[in-house]
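Novice: These protein sequences, in sequence, are chains A and B.
Sequential numbering from 11 applies to the first sequence in the numbering used here.
Sequential numbering from 24 applies to the second sequence in the numbering used here.
Derived by calculation from the structure, the hints in this document are not laboratory data.
As the structure is a prediction and not an experimental result, all values here were calculated from the model.
The C-beta atom is built at its ideal place from N, Cα and C for all residues, glycine as well.
Only true hints are included.
Which residues of chain A face chain B? A few of them, derived with a C-beta cut under 7 Å, are:
(1) 81
(2) 83
(3) 84
(4) 220
Given next are the chains, with one letter for each unit.
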Amino acid sequence: MADKFHDEILNLKCDVVNMARFGRTMLNDSMIALQLQDLEMARGVKGRKVTLQEQHDSLEDRIFTMIALYQPVARDLRTLVCSLMIVQSSERIGRYGKDIANATRHLADTDTTGNFISIPHMSELVVGMIDDATLAYEQENLNTIEDMSKRDDVVDSLRTSIFRECLTYMMEDPRTITRCTHYVMISRFLERSGDHACKMAEKIHYMVTGERTEIK
Amino acid sequence: MTECKEIIQVDHVNLWYGDSLALRDVTIGMPDRQVTALIGPSGCGKSTLIRCLNRMNDLVDTCRIQGTVNFHSKNIYASDVDPVDIRRKIGMVFQRPNPFPKSIYENVSYGPRVHGIKERKQLDAIVEKSLKRAALWDEVKDRLHDSAMGLSGGQQQRLCIARTLAVEPEVILMDEPCSALDPIATAKIENLIEELKTEYCVVIVTHNMQQASRVSDYTGFMYMGELAEFGTTRQIFEAPRETLTENYITGRFG
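Produce the complete structure using the sequences and hints provided.
Specialist: Pasting the structure below:
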């Protein structure tokens, strides 16, 4: 019985990793679509929302079932709790991707394109944080998430500077208001996704060591 | 969890049955008014350890013990200690309910009578108080003079607990008290343990890890005669320090 349970945990972890990458790719693709002003690609991202939700629901259901049937303890329990948390965070991250894809449509109507301030840089950092958290979970190795807190500080300061910059543009020229408001929103979505990566890292740290830690 | 005074201290105890070493350098403390659970695979020494605590192993001819078991800072293996007195202060409940083939009343009053209480009124009061503490009173108060053998297994086990309580012990040792009971009777005993710990130090040996995690405040994991890990129950079941403990409680053994 025990071996069956541990096989199930391994399978679950694979599927959680796949879902984390699915959510992460929605976010990443939405940023590519934004920069290329590719509405077709943005629509594609939005279409993946249903699959994302299905993955979330089915994984959540599996984790509850495993807890109910096996009453896991120690590392097994910590792994399941961490997995549940990652499933939830990945769903949020994917949905932020969908929100950014929505904004792409509105931004395509404005005449000024190409100026994305530091949003692409911010997105690179955030996607990197999600990738590293997912890798740490997959390999149960904390190396890749050691400096998560510092990386999140950079993301936070980028968000503040994007906000200030947008404010300046909007005051100079009201025609930029639509575009800049969307930029502010997008930077907010990215910052939230970075926070989710930090939360994931916290739970992975707990899964691996049994000790709670606070990142940031 | 606040640090509690340890009422029993087991200090560097080795125990042999003939030539075979059953306990190897065990040091453990049992805090007062807390439940301490001992878990571990069959033959790990957990029953042997619990039996050391009230000198039940004296009854085994080949048994030899080294080290000290202090109860209120006095070694219970000292030559001037009366084992009968120790077993009154440190009561025990066994795996299978073992009531005497007598009435419910006589089962509970037997101990106090042996210890010299003769007056009927006083015995009546002790029987009522003990049965109430063992959460059995309401079920048996109208048939105190019926045979104890007519009770269900769970009721018999609570009667055995009442019998232990009747002689005013300070510590209650339980050696797998629920393994012969159904889940409902088990739940009743577990609730009872929760109440008993407000007045007594409780030590329980159990094969059922969920039971250990439900009822105890501290857990000791034993393996091959050694105490492999001891800690708060929460720590043992959430993040054990020893790989051996981890492997055992998550079922990765062998």
